[in-house]
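Undergrad: First to last, the protein sequences are chains E and D. With our numbering applied, the first sequence covers 348 to 667. With our numbering applied, the second sequence covers 348 to 667.
It is possible that part of the hints are untrue.
If chains are identical, the list can't say which one is meant, so a pair holds when it fits in one copy or spans any two.
[Unchecked claim] Mimicking DMTMM-like on lysine to aspartate or glutamate, the simulated pairs with C-alpha atoms at most 25 Å apart in a straight line are:
| # | residue 1 | residue 2 |
| --- | --- | --- |
| 1 | K374 | E503 |
| 2 | K474 | D617 |
| 3 | K358 | E542 |
| 4 | K505 | D652 |
| 5 | K517 | E415 |
| 6 | K458 | D652 |
| 7 | K549 | E440 |
Hints listed in this document are in silico derivations from the structure and should not be mistaken for laboratory results.
Take a look at the letters that make up each chain.
There are 2 protein chains.
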Amino acid sequence: MTNAHMIWPDKVTICEVGLRDGLQNEKKILNIEEKLQLLDSVVESGIKIIEIGSFVHPKAILQMADTEEVARRMKRVNGVEYRALVPNLKGLEHAHASGITKAKLTVSVSKSHCINNFNLPPLEMMKGFIPCAEYADKNNMKLSGAMSSAWGCAFEGKIPIQQIEEIVQKYLELGITELSLSDATGMANPRQVFEVGKYFIKTFPQVNWILHLHDTRGMAIGNIVAGLQAGFNAFDGAFAGLGGCPYIPGASGNISTEDVVHLLHEMGIDTGVDLEKAMNTARIAEKMIGHQGHSSVLRGGRCEDLTKEKAQYQNNKQLR
Amino acid sequence: MTNAHMIWPDKVTICEVGLRDGLQNEKKILNIEEKLQLLDSVVESGIKIIEIGSFVHPKAILQMADTEEVARRMKRVNGVEYRALVPNLKGLEHAHASGITKAKLTVSVSKSHCINNFNLPPLEMMKGFIPCAEYADKNNMKLSGAMSSAWGCAFEGKIPIQQIEEIVQKYLELGITELSLSDATGMANPRQVFEVGKYFIKTFPQVNWILHLHDTRGMAIGNIVAGLQAGFNAFDGAFAGLGGCPYIPGASGNISTEDVVHLLHEMGIDTGVDLEKAMNTARIAEKMIGHQGHSSVLRGGRCEDLTKEKAQYQNNKQLR
């Protein structure tokens with residue numbers, strides 16, 4: 348026995364990012380009707396925070412080219428937050444024009460990664476967020492801040508905490524207090540998630556922290572467990588576990604929403620999500636994109652499905 | 348932040364059960380040369396406890412029909428424990444005759460499951476283990492005791508701790524102090540693994556506990572994390588994550604050895620296993636059975652593969 352002490356929250360929040368991070372690497376471009384159907388299905392499952400797309404240049408990511416139309420045409424249900432990713436002020440203006448009230452900015456905490464993608468180091472890039480914060484303030488929009496490569500970078504490996512903390516400070520200076528630590532490459536491990544997560548949650552209690560995990564190397568569910576211990580109570584997920592890197596055939600993508608919901612429910616933790624309906628969203632998404640994602644409960648079934656099947660089997664046996 | 352306190356061991360033991368639990372449901376029957384090649388590869392990777400097969404009736408599980416021949420022909424490397432599953436005294440005698448010195452008995456802690464499979468409730472079935480314990484004692488063999496359905500049963504759902512504890516007591520009365528808590532249906536969840544695991548490890552400190560996990564519902568890696576906190580320091584795994592139920596297409600099987608090794612190494616926990624070689628075993632196994640298993644690191648790659656690829660990419664870019 349160890350002296351370890353695990354603590355479980357009563358309730359956590361699930362943020363559905365399938366329409367953005369799940370779909371953006373898919374070859375098959377979904378049409379607007381399909382996206383609206385998926386969005387309705389997500390809302391129907393009880394998820395209250397939904398990332399609907401990304402206001403990038405239409406040529407940059409074809410799958411995201413109709414985000415403005417999604418935003419204009421979607422049903423808006425009270426109590427649901429419809430969040431969109433914006434790369435810069437222009438994106439934010441488009442988001443606002445289409446009725447979006449919550450936007451997510453994103454920067455890589457890795458200098459090499461940030462320079463590679465945006466030709467600017469992180470703090471330089473964040474200077475562009477100043478007019479975004481002003482615009483959001485004037486237009487009554489809320490902002491969220493994402494930090495990619497927070498758990499490891501393909502170029503730099505693990506990123507020192509101090510380097511991440513500089514970005515956190517910068518976001519806070521901009522008045523942004525909802526921050527996500529993102530692991531798009533699936534490099535986070537549970538020990539790190541506990542230690543680093545606990546440090547940030549302790550140091551910045553005013554922040555609403557979101558943990559954004561990918562399951563590329565099979566560590567994501569372990570990271571959820573460690574993340575709960577660190578004190579995270581909001582997790583991004585994508586229906587059907589979509590969002591794998593297009594250059595790694597067969598690799599997993601975002602952690603699957605329905606797997607996280609199933610895990611948490613099995614542990615007696617409330618998510619407010621109807622698992623059956625979340626699984627249905629994932630099935631619809633797989634059908635639309637034309638291939639399977641990476642969802643354990645879609646393939647293996649829920650615990651309760653197993654007990655139901657066995658009961659059925661026993662009943663049939665008795666009837667014979 | 349929470350008051351949770353996570354503790355990580357310096358070193359854990361990996362037991363490879365791919366040759367038994369991994370292969371036993373595979374349609375393609377491997378020949379003896381293939382099995383010996385797999386076994387050599389497992390030993391080569393540094394794994395010190397290997398379940399080589401099962402001494403059941405040859406007609407019961409065709410894939411296991413040549414376990415005796417495997418045992419007779421395998422190279423025996425000093426310091427490696429070659430364990431075999433035996434259902435009863437007859438199996439134990441066959442194991443002994445072929446030079447096996449460590450055998451694993453198994454019983455389901457679920458009455459319904461045990462009666463369904465063996466027509467006897469658990470404690471009645473364990474009466475048959477008394478002559479096994481006597482035989483092992485006389486013949487200088489070591490015994491291990493497995494408890495299936497320990498984390499949940501398709502017929503009965505969660506099994507009360509007291510019911511499991513009766514089985515533990517019975518094994519201890521037989522002088523068996525290596526015990527595994529098995530989750531063949533993938534129903535264990537991390538909260539349960541921590542609470543129940545901690546109870547047993549605290550109550551029976553004289554036992555060498557082994558945690559046997561399946562990833563059917565995507566919870567296994569979370570259960571490893573919780574298991575480490577409970578104080579487990581030995582885990583079964585199967586190369587390539589083989590061992591899915593033949594009636595659930597696409598469902599995961601045993602937790603993949605190489606995924607566990609990768610996870611632990613990323614967390615700075617020593618396993619004594621060469622991950623590259625363990626991945627090689629998994630690749631060989633997939634080739635032999637003719638389909639992919641369920642291995643995240645085989646598909647998504649290790650963290651270090653990613654950094655290497657990026658370095659290569661950067662180098663190539665500079666050369667252009």
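Undergrad: Hints first: check each against the structure and report whether it holds.
TA: Hints, one by one, checked against the model:
1. K374 <-> E503: For K374 and E503, the Cα distance exceeds 25 Å both inside one copy (29 Å) and across copies (44 Å).
2. K474 <-> D617: Result: close neither inside a copy nor across copies, 39 Å intra and 43 Å inter.
3. K358 <-> E542: For K358 and E542, both the intra-copy (22 Å) and inter-copy (19 Å) Cα distances are at most 25 Å.
4. K505 <-> D652: For K505 and D652, only the inter-copy Cα distance (14 Å) is at most 25 Å; the intra-copy one is 40 Å.
5. K517 <-> E415: This pair counts as neither: shortest intra-copy Cα distance 28 Å, inter-copy 66 Å.
6. K458 <-> D652: between (47 Å within a copy, 20 Å between copies)
7. K549 <-> E440: neither (34 Å within a copy, 59 Å between copies)
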